[in-house]
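Trainee: Residue numbers (my numbering), protein chains in the order written: chain A, 1 to 517; chain B, 1 to 519.
Hints listed in this document are in silico derivations from the structure and should not be mistaken for laboratory results.
Errors might be hidden in some of the hints.
[Stated by the list, open to error] Derived Cβ-Cβ restraints for the label pairs, each shown as a range:
no.: 1; chain 1: A; residue 1: Asp348; chain 2: B; residue 2: Pro2; range: 37 to 47 Å
no.: 2; chain 1: A; residue 1: Trp297; chain 2: B; residue 2: Asp211; range: 19 to 29 Å
no.: 3; chain 1: A; residue 1: Gly385; chain 2: B; residue 2: Lys465; range: 26 to 36 Å
[As the list claims (entries may be wrong)] Computed list of lysine-lysine pairs in DSS-like fashion (alpha-carbon distance at most 30 Å, straight line):
no.: 4; chain 1: B; residue 1: Lys114; chain 2: B; residue 2: Lys216
no.: 5; chain 1: B; residue 1: Lys465; chain 2: B; residue 2: Lys483
no.: 6; chain 1: B; residue 1: Lys374; chain 2: B; residue 2: Lys465
no.: 7; chain 1: B; residue 1: Lys443; chain 2: B; residue 2: Lys458
no.: 8; chain 1: A; residue 1: Lys398; chain 2: B; residue 2: Lys114
no.: 9; chain 1: B; residue 1: Lys114; chain 2: B; residue 2: Lys465
no.: 10; chain 1: B; residue 1: Lys172; chain 2: A; residue 2: Lys398
no.: 11; chain 1: B; residue 1: Lys114; chain 2: B; residue 2: Lys27
no.: 12; chain 1: B; residue 1: Lys27; chain 2: B; residue 2: Lys443
no.: 13; chain 1: B; residue 1: Lys458; chain 2: B; residue 2: Lys114
no.: 14; chain 1: B; residue 1: Lys27; chain 2: A; residue 2: Lys398
no.: 15; chain 1: A; residue 1: Lys398; chain 2: B; residue 2: Lys458
[As the list claims (entries may be wrong)] Anything over 10 Å on all C-beta distances counts as not near chain A; from chain B, calculated:
no.: 16; residue: Ser5
no.: 17; residue: Arg197
no.: 18; residue: Leu205
no.: 19; residue: Ile425
no.: 20; residue: Lys465
Quick reminder that beta carbons are idealized off the backbone N, C-alpha and C, glycines included.
As a plain string of letters, each chain reads:
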Amino acid sequence: MNGAIEAPTIEYGQLMPMLLVFGAAVVGVLIEALAPRYLRKAIHVPVTLLSLAGAFALIILQAVRDGVPEQASAMGAIAVDGPALFIWGVILVLAFISMLLINDDDQFVAQAAAVPGSPEEEDAVAQGGAHTEVYPLALFAIGGMLLFSSANDLLIMFVALEVMSLPLYLLCGLARRRRLLSQEASVKYFLLGAFSSGFFLYGMALVYGFAGTVDLGGISSALASVGGQDSLLYIGVALLGVGLFFKIGAAPFQAWKPDVYQGAPTPITALMASGTLVAAFGAVLRVFWVALGNLDWDWRPVMWAVAILTMVVGAILAITQTDIKRMLAYSSIAHAGFLLIGVIATGDAEQNSGSLSGILFYLLTYGITTVGAFAVVTMVRDAGGEAGHLSRWAGLGKRSPLLAGIFAFFLLAFAGIPLTSGFFGKYAVFAPAVSGGALGLVVVGVISSAVAAFFYVRVIVLMFFSEPAADGPTVALPSVGTAAVVTIAAAATVVLGVFPQPVLDLADQAASALFIR
Amino acid sequence: MPWLSTLIAVPVVGAVAVALLPKGADKLAKQVALVVSLVVLALTLAVTIQFSPRGERFQYVETYDWIPSFGVHWGLAVDGIALVLIALSAVLVPVVILASWHDADGTGADNPPKRSVKTYFSLLLVLEAMMIGVFAATDIFLFYVFFEAMLIPMYFMIGSYGGVQRSYAAVKFLLYSLFGGLLMLVAVIALYGIAGRNTFMFPELVGVITDPTTQKWLFLGFFIAFAIKAPLWPFHTWLPDAAAQAPAGAAVLLVGVLDKVGTYGMLRFCLELFPDAAKFFTPLVLVLAVVGIVYGAIVAIGQTDMKRLIAYTSISHFGFIAMGVFAMTADSAAGATLYMVNHGFSTGVLFLVAGFLIYRRGSAYIADYGGVQKVAPLLAGAFLIAGLSGLSLPGLSSFVSEFMVLIGTFSSEAVAGINYAVFAIIATTGVILAAIYILWMYKRVAGGPTAESVAGMKDLNGREKWVVAPLIALIIGLGFYPKPLLDVINPAVDTTLANVSVTEHQAPVPVAEQKGAGE
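With the rest of the complex left out, here is chain A (with noise of 0.2 Å):
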């Protein structure tokens, strides 16, 4: 005892990834500091757009020379293995081209601190203000992301979501039309995202309490060798649940998402309901899995509930949404509910691995159709902004055949259908669960998706089979990044579903080694 501390060692090179988001996003916050205001956007948009590709660049120099780390880094802290690995190269594939939507001005308000509707906001919209604090806060909640699917500490873990949920706080409330609405959301989810963060704190620390550790490795072999504090352990793991749950929107914790989904820019809802989503279940996957792999009989049939709860209210509940946005809200909301079913479809470790490989392959092909799928809806406009209400899609078939076929395009990947990618997506978290005894599930999986492809279909309906409406809303002519990102989604959305083995292959070996301890 002679009292030195020993410095932790960190392994830089496999932490280069998120280490560049966040040092990029560090860089935004200083060039908001000294750049001239006319000159940051012109800054922001190079800087933040590198940083990303340049993140998903060096994943795939980790994985091609340096192999998957079969080490915890960061004194055990973060877990870079194959599924982090995955899941980061989703997320910034997600986050880039939702970055691509978020770089249209049009989208944010032009003084957040003005009160809507007042004199100043009129005079921050005639000098074309621009809130360029969005890049920056952007990358801080993508590093976010990346850090809160490859924690391998609660601590961390919880560290990580709130970096991810805070400037996704700020964001929701930015929107340039609608203000109200937008500041509503804002709020909304800053509290119902203070409660979860509390629950998911009080969890830990109740773990923490029985297993002395709050690492995950730890608690699971806490799991087996600490007796006697078992009402501790429940109460923790159903606190840490409602935490996580609640980030992924599962019922009955899903009450936020429509109103948030509809309040946001729908650049930042299509991020949150790709980037988020994703980071979500890594984080699910490893404290279900890797902390509590073996309580998984305990956990279980709350999970199956959940699970079902999710995909029945999802399904149900869209079909009464008016608004295109809090429709795919709640489809999200049903999505979470089928990714579940991976979640639950545990067994021996080849059962595992197939499980792991067809969640990470739904959370691509769902997120890439999703950030498409809001670029459509950021296109549809009519005077007062975006034609949210679903109305006013009426016709839409007519009046600009192309985006409308694409869009419904996008409704059936959504519901399932073969040749799209949703179907392969569906059918990888689908066909380990039967094998993995979650039959039951996947009959009531199959059931929402026909009941979720009532609604996909309707909107088809409107933009197809209905007469356009005489005041109908305008497609506006998309920038060249709209343009992409409903170009790239679409394409993905295609190749994955005629020829999607590439991508199972890479899946199958992200998940083949399952995640590390």
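Since chain A is already given, all that's left is putting chain B on it; use the hints.
Mentor: Okay, now just chain B, sitting in the frame of chain A:
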């Protein structure tokens, strides 16, 4: 040469070409579509001629890995049953294209809006590719992919080009079929998992599932999907809506080909993959089939809308087909297969001629017509022959198949030692009812004094004669000489039934012994 892949690829390429034509080129779009469909027909004929009925069961075999992770192949091959159904599709599509020449132009008497012509013909060709694919697939997953994906072009054809209630009908059609398809998906996944062969290739999965309970559940997953598709009573309610609202050409393909996928699936998949379950459920299926035969016929009599009437007659006919499949005798199953083809032709021409009438008069209601035979004798004549084929008049093709189904079912005592003759007897009433609904419809539409509204009705023009003539020739030809078709169908049906351990043309023997004989 990969014949079957070519058969699928040609219409797909044609569809893309048609879709990419410049905006005003409506006429060119129709011509390109017609040429493409004729090329497919020629290729199909080449395939049919080279097919040797007594050879291997599956011919033109193509197997490529598609998604190795899931054990999915691009597996195509045809046996006699699949071949005649592909031929049916290949014959009907050019006829339908010719018949639908003005369907999207907005020139009909009921003033439909002008719609995108090239989209319509492009969808038709996509549909053709998928119809061929679904019959040619030997990989069950691939079959499922075509089975579901072909809903989409049909959905848009009904929803965008149909009658007044088209969007309701299109959605109902899609949701019913999708629901059935999803149940089948569960069964497909479970089949893969339980078989544990890491492949979806049909030949490798025959006889793998032996546990009776598992068979029953998987059978139900497949069967309900097919029963919705076919459709059998009580899963039929979507069909009258869809067929009545669809443009006549789409209705032909919907009832003539798409619905056959259901009965084809029963014969190919339900029977061969789950033979014990199929025998277990046979009485139930026969009850549904017979109820459908009688119910469809009675309801058809009461219809006031021509297309709905034809749709209900089809429900009755699908009852016959399902009965033939599940009676599991060589005669009944071969008759059912032949029926699938004949029904495609006779219902096809019935829908098309009804479509011509509706195009001229602007109404599908029978009451709006009268005395058509005086002003348009050819049109009325075609209507009559199509109708007579629908009621299975001897000498017309449907008679042969209906007779085979009835006689096969009547003599079914060999199967499982149970006599299903009673079903055949009840089903025969369907034949009588058919005479009522067809002849009464004909009398009201074409007989009697000429109604004012049809006074100036033009007779068949050159194009329409080309639509009707080949189909009527086929109906009469196959009515007198069905042998070429039966030669192709019979060996395939025998193999199928052998896989179900049913041997035919034997004195009734106890079940156990009979199983031994089939193996």
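Trainee: Enumerate the violated hints, using their earlier numbering and listing them in ascending order.
Mentor: Hint check: 3, 4, 12 and 15 fail, others pass.
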